[in-house]
Amino acid sequence: MSKLNDSKKQYNDIEIPTELKQVVSKSVQTVKREQLKKKPSFKKFGLGVAAAAAIFVAGVNVNPTLAQSLSTVPILGSIIQVVSIQEITIEEDTYNADLKTPNVTGLTNKELENSLNEKYIAENKELYEGFQKEMEALKEVGGGHLGVASTYEVVTDTDEILSISRYAVNIVGSSSTTMRTDTIDKKNEVLITLPSLFKDDKGYIETISTYIKGEMKKEMAADEMNMYWIAGEEEVFDGFDTIRPDQTFSITSDHKLTISFDKYEVAPGSMGVITFEIPTDVIKEELISDYYIK
Amino acid sequence: MTKSEKFQLVENYIIENQNAHYRLAFSYVKNKESALDIIQDSIMKALKSIDSLEQTGYLKTWFYRILINTSIDFIHKNKRIVVVEDEVLDFHLPSSEMEVPDIDLYEAIDNLAPEQKTLIILRFFEDIKIEDIAKMLGVNQNTIKTRLYATLRKLRTNMEEKVKV
Numbered sequence: 000m001s002k003l004n005d006s007k008k009q010y011n012d013i014e015i016p017t018e019l020k021q022v023v024s025k026s027v028q029t030v031k032r033e034q035l036k037k038k039p040s041f042k043k044f045g046l047g048v049a050a051a052a053a054i055f056v057a058g059v060n061v062n063p064t065l066a067q068s069l070s071t072v073p074i075l076g077s078i079i080q081v082v083s084i085q086e087i088t089i090e091e092d093t094y095n096a097d098l099k100t101p102n103v104t105g106l107t108n109k110e111l112e113n114s115l116n117e118k119y120i121a122e123n124k125e126l127y128e129g130f131q132k133e134m135e136a137l138k139e140v141g142g143g144h145l146g147v148a149s150t151y152e153v154v155t156d157t158d159e160i161l162s163i164s165r166y167a168v169n170i171v172g173s174s175s176t177t178m179r180t181d182t183i184d185k186k187n188e189v190l191i192t193l194p195s196l197f198k199d200d201k202g203y204i205e206t207i208s209t210y211i212k213g214e215m216k217k218e219m220a221a222d223e224m225n226m227y228w229i230a231g232e233e234e235v236f237d238g239f240d241t242i243r244p245d246q247t248f249s250i251t252s253d254h255k256l257t258i259s260f261d262k263y264e265v266a267p268g269s270m271g272v273i274t275f276e277i278p279t280d281v282i283k284e285e286l287i288s289d290y291y292i293k
Numbered sequence: 000m001t002k003s004e005k006f007q008l009v010e011n012y013i014i015e016n017q018n019a020h021y022r023l024a025f026s027y028v029k030n031k032e033s034a035l036d037i038i039q040d041s042i043m044k045a046l047k048s049i050d051s052l053e054q055t056g057y058l059k060t061w062f063y064r065i066l067i068n069t070s071i072d073f074i075h076k077n078k079r080i081v082v083v084e085d086e087v088l089d090f091h092l093p094s095s096e097m098e099v100p101d102i103d104l105y106e107a108i109d110n111l112a113p114e115q116k117t118l119i120i121l122r123f124f125e126d127i128k129i130e131d132i133a134k135m136l137g138v139n140q141n142t143i144k145t146r147l148y149a150t151l152r153k154l155r156t157n158m159e160e161k162v163k164v
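Line by line, the protein sequences are chains A and L. Residues in the first sequence are numbered consecutively from 0, following numbering that gives the first Met the number 0. Residues in the second sequence are numbered consecutively from 0, following numbering that gives the first Met the number 0.
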């Protein structure tokens, strides 16, 4: 085996891509950020969200490299509408940002309308500021590839329900995607939360989690390309155990509940954002009524 | 050691040894994007589960275990997609030039099953002791020795076959 040394040299000559450094630090930062979020925070926001949003809008408009556009997404047969109020694009060699902010109009419950819209602006503001910070940091170390994109989609729009999903994608070498969905009862003009659909606080979590774990196992058995991290399985660290009360959910136009997971939340990145439709039969006993979910 | 000190220790280790980790991941998947994906996944898995690292003395063993499992998982899942770059393809296709009559051991290692490749890389390229490899893979030392010798034998036969062709 005298040639092993030559092979070792070849192995050591594997070229290290310039992106590696960023992928490593980005991954570390992501986990740090997640862990910070888990801890209870007593930070107070000095500025009101609206004021912060105003500064953000001003900043965007003053900066000549940013483009702004106003477009309407028409939704037939309803007065409640979702429009884009802001579109920010940055195209600078290896740095790309494309942020779209949705805006809900037409609700008579202005408190709800404002809180949603302020939240959407705040989300994109955070993405934009994070992007700028990372861009500066990257420029200091000699540049690199960085991308951020956010967009939204009206997933359900019936007479009763409006469901808006926002996607945020961070790209550094590989990408991570998060999805958040708000579901509004259009008739009563209230925001529907996941716990509000169920009789008690705990039963549904267990029922749905058990169902999802079963589906994950079925899918994995059916095709080895499917892979989920399930808690308690061999060689799985920190796998999926139960859904959270604030787990991303939506209601489809045919009144079915769906539960979603971000990229990397319960599966390798290659699986992307994952959505499970929960058969109504499974949760029938736990539901408060069949008003939203049938 | 507090949890945050431990986190810092792991973070420093990950940053200092990123090149070695990348080479290992790359040797499995042979393309940059997938290797970077594996690095990202491994780091996130590791940092999220630092509680599973009981003794910091086993830091390297612990991280390699995550990295190797992530890499092998990745290959098993992505069997259908094998990205072959042009230069790699050229390299594997019979060439018209007569430049390399020499049989490439490195190539032969590449063609091993991922589990066998792991042993060769860890033992000979990374110079890790059999004892530590056993810990990384969660298998006992004698099993590792047996498998390593079997793999070396296989490499020899593989190369002989090539010679006959």
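Read the hints as simulated data drawn from the structure, not as lab findings. These figures come from a predicted structure and were not determined experimentally. There could be a bad hint or two in this list.
Claimed, not checked - Stretches of chain L that chain A covers, calculated by requiring three or more beta carbons in the stretch to come under 8 Å of a beta carbon on chain A:
id : segment
1  : 17-26
2  : 54-60
3  : 104-115
4  : 143-153
As the list claims (entries may be wrong) - Rough simulated footprint, nothing fancy, chain L against chain A, three-plus residues with beta-carbon under 8 Å:
id : segment
5  : 119-129
6  : 201-213
7  : 216-228
8  : 264-274
Said to hold, decoys possible - With a straight-line Cα cutoff of 20 Å, these simulated EDC-like cross-link-like pairs (lysine to aspartate or glutamate) come out:
id : chain 1 : residue 1 : chain 2 : residue 2
9  : L       : Lys2      : A       : Asp261
10 : L       : Lys116    : A       : Glu33
11 : L       : Lys31     : A       : Glu14
12 : L       : Lys29     : L       : Asp72
13 : L       : Lys29     : A       : Asp261
14 : A       : Lys8      : L       : Glu130
15 : A       : Lys2      : L       : Asp72
16 : A       : Lys7      : L       : Glu10
17 : A       : Lys2      : L       : Asp126
18 : L       : Lys76     : A       : Glu218
19 : L       : Lys128    : L       : Glu106
20 : A       : Lys2      : L       : Glu125
21 : L       : Lys47     : A       : Asp261
22 : A       : Lys7      : L       : Asp126
23 : L       : Lys31     : A       : Glu110
24 : L       : Lys47     : A       : Glu276
25 : L       : Lys116    : A       : Asp240
26 : L       : Lys31     : L       : Asp50
27 : A       : Lys217    : A       : Asp158
28 : L       : Lys47     : A       : Asp240
29 : A       : Lys8      : L       : Glu125
30 : A       : Lys8      : L       : Asp72
Idealized CB from N, CA, C, for every residue including glycine.
Evaluated hints:
Judged by the Cβ-Cβ criterion of 8 Å, the segment 17-26 of chain L is covered by chain A as claimed, because 6 of its residues qualify and three suffice. Counting residues of the segment 54-60 of chain L whose beta carbon lies closer than 8 Å to any beta carbon of chain A gives 0, which falls short of the minimum of three for the stated coverage. Here the segment 104-115 of chain L counts 3 residues with a CB under 8 Å from a CB of chain A, which clears the bar of 3, and the coverage holds. Counting residues of the segment 143-153 of chain L whose CB lies closer than 8 Å to any CB of chain A gives 1, which falls below the minimum of 3, so the coverage claim is violated.
Here's how the segment 119-129 of chain A fares: 0 of its residues keep a CB closer than 8 Å to some CB of chain L, so the rule of at least three is not met and the hint is violated. Using a Cβ-Cβ cut-off of 8 Å, 0 residues of the segment 201-213 of chain A lie near chain L, which falls short of the minimum of three, so the contact claim is violated. Against chain L, the segment 216-228 of chain A contributes 3 residues with a C-beta closer than 8 Å to a partner C-beta. That satisfies the three-residue criterion, and the hint holds. With a cut-off of 8 Å between beta carbons, the segment 264-274 of chain A has 3 residues touching chain L; three or more are needed, and the interface restraint holds.
Proximity of L/Lys2 to A/Asp261 is assessed by CA-CA distance (about 26 Å); at most 20 Å being required, the pair is judged violated. The suggested pairing of L/Lys116 with A/Glu33 is violated, with an alpha-carbon distance near 35 Å, which exceeds 20 Å. Restraint check for L/Lys31 and A/Glu14: satisfied, since their Cα atoms lie roughly 9 Å apart, inside the 20 Å limit. Restraint check: the Cα-Cα separation between L/Lys29 and L/Asp72 comes to about 15 Å, which is no more than 20 Å; the hinted pair holds.
Note on L/Lys29 and A/Asp261: the hinted pairing is violated, with a Cα-Cα distance of about 27 Å set against a maximum of 20 Å. Restraint check: the Cα-Cα separation between A/Lys8 and L/Glu130 comes to about 24 Å, which exceeds 20 Å; the hinted pair is violated. Restraint check: the Cα-Cα separation between A/Lys2 and L/Asp72 comes to about 30 Å, which exceeds 20 Å; the hinted pair is violated. A distance of roughly 27 Å separates the Cα atoms of A/Lys7 and L/Glu10; the hinted pair therefore is violated under the 20 Å criterion.
Proximity of A/Lys2 to L/Asp126 is assessed by CA-CA distance (about 15 Å); at most 20 Å being required, the pair is judged to hold. The suggested pairing of L/Lys76 with A/Glu218 holds, with an alpha-carbon distance near 13 Å, which does not exceed 20 Å. With a C-alpha separation of about 24 Å, the suggested pair L/Lys128 and L/Glu106 falls outside the 20 Å cut-off, and the hint is violated. Proposed proximity of A/Lys2 and L/Glu125 is supported: the alpha carbons are some 16 Å apart, at most 20 Å.
Note on L/Lys47 and A/Asp261: the hinted pairing holds, with a Cα-Cα distance of about 16 Å set against a maximum of 20 Å. Restraint check for A/Lys7 and L/Asp126: satisfied, since their Cα atoms lie roughly 10 Å apart, inside the 20 Å limit. Restraint check for L/Lys31 and A/Glu110: the C-alpha separation of about 49 Å exceeds 20 Å, so the hint is violated. As the CA atoms of L/Lys47 and A/Glu276 are separated by approximately 28 Å, the hinted pair breaks the 20 Å bound.
Proximity of L/Lys116 to A/Asp240 is assessed by CA-CA distance (about 33 Å); at most 20 Å being required, the pair is judged violated. Between the alpha carbons of L/Lys31 and L/Asp50 the distance comes to roughly 30 Å, so the proposed pair goes past 20 Å and is violated. Proposed proximity of A/Lys217 and A/Asp158 is contradicted: the alpha carbons are some 35 Å apart, above 20 Å. For the hint pairing L/Lys47 with A/Asp240, the CA-to-CA distance comes to about 15 Å; that is within 20 Å, so the pair holds.
For the proposed pair A/Lys8 and L/Glu125, the alpha carbon gap of about 11 Å is at most 20 Å, so the pair holds. For a cut-off of 20 Å, the pair hint linking A/Lys8 to L/Asp72 is broken: about 26 Å separates their Cα positions.
Checked against the numbered hints listed earlier, the structure breaks hints 2, 4, 5, 6, 9, 10, 13, 14, 15, 16, 19, 23, 24, 25, 26, 27 and 30; every other hint is satisfied.
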